[in-house]
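S.K.: Start from chain A and add chain B according to the hints.
Just so you know, the protein sequences line up as chains A and B, in that order. This note's numbering numbers the first residue of the first sequence as 64 and each following residue consecutively. This note's numbering numbers the first residue of the second sequence as -18 and each following residue consecutively.
Mixed in with the good hints, there may be bad ones.
[Unchecked claim] Residues from chain B that keep clear of chain A, each with C-beta distances beyond 10 angstroms, as calculated: (1) L23; (2) I36; (3) V118; (4) T150; (5) A175; (6) K176; (7) V184; (8) M200.
[Claimed, not checked] Pairs of lysine to any residue, SDA-like flavour, derived with a Cα cap of 20 angstroms: (9) B/K215 - A/A141; (10) A/K138 - B/L139; (11) B/K215 - A/E134; (12) A/K138 - B/A214; (13) B/K92 - A/G125; (14) B/K208 - A/Q174; (15) A/K144 - B/A214; (16) B/K208 - A/R200; (17) B/K18 - A/L115; (18) B/K208 - A/R133; (19) B/K69 - A/A117; (20) A/K126 - B/A214; (21) B/K215 - A/A153; (22) B/K208 - A/H165.
No lab work stands behind these hints, which were simulated from the structure alone. Beta carbons are placed, not taken as given, at the ideal position from N, Cα and C, and that holds for glycine.
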Amino acid sequence: MTEMHHMDTTTQWVVPFDGSEHAIRALALAINEAKERHTQPKLLVLNVQLPLSADVSRFIDGKTIDDFHREAGEKALASSKDLLDASGVAHTLHILVGPVAHTIASFAATQHCSMIIMGTRGHTSVTGLIMGSVTTRLLHETTLPVLLTK
Amino acid sequence: MPDITSSLFWIAVLQIIAIDIMLGGDNAVVIALACRKLPPDLRNKGIFWGVMGAIVLRVVLIFFALQLLALPYLKIVGGLLLLWIGVKLLIPDDDEHDGIDGGTTLFAAIKTIIVADAVMSLDNVIAVAGASHGSIVLVTFGILVSIPIVVWGSKLVLTLMDRLPIVITLGAALLGWIAGGMLLTDPVMPESVAKSVPYAHYVFAAIGSILVVTIGKVMASRQAAGKPHDVTAKSTDQ
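Just chain A, same shape as in the assembly:
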């Protein structure tokens, strides 16, 4: 994690990214929005990996587990690279392990970001009721504005 944020006055936006098409569309939108701004914000592209249970960490050393998460995170973030590099927008890539909604919210807060831009799966109301809860829970956990794309 960068320790620079307190001296960093540029605006920062979090873009949660899981490698899905929804995430790619959200990232494309974030890039366009960033280019529109007078002072370009920096994009913090965040991949969240789900934690394994304590039963696993009892038998496997922490470094192996971290490597496993990092590898999966880098794989998910790979499809963001071309888009980001071509855009010229300032950005960093991050991989965090934790419950998805809580992790996005707390990362955005500790990094002093001003907005979260993310894709939703665009479920209908019924499946959304069951599966769309990452977005719903994020809205409960963060005080920041959240821009959702479909």
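M.R.: Just chain B, lined up with the frame of chain A:
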């Protein structure tokens, strides 16, 4: 041969599938991680023997569990253990265990897998033995269902639990339900207990469920939510 037209049979089947989903996913992760450091040509061998070992161990353990549960007092012990397993399901684990080093030899990897399998299958085995009421057909079914979950299920289970945390609560309640039933059916439990309370089985099972969920939730609320853990490689953090 159990009556497959009875609803009780199918309820037990559903219970066993639910138990396998709740308590079966970790083995696959341990197998994959224990084999990570192996050279690629040995990795598949390690995974294969790890999965085989996990299945054989489960069969052996469940066979012993069924024999043991017929003895006096052991259903009470099993029921109490199961109550605790249910409570544990609800408490987020924050403590960093420092696991044994994965090792780079096939032997070390298989050893890790077998030890982990033995420990992690135990809760599954007790729960399945409790839900099957001693029926060997149901036990066999439980093992067959748990195999694909052991092999492929972990990612799915983790995602499900993150999206729908209520699944964990329901799973814990189910374990409490089975535990309550086990306590009542122990041979040392006087028959007068079951007869003096109307619907005694349901009452005991419901008390088990409520107990597990209440204790679990209280203990979980005392524990702060775990902090997200940063694993970003230095090189990607430009």
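S.K.: Tell me the numbers of any earlier hints that the structure contravenes, in ascending order.
M.R.: none
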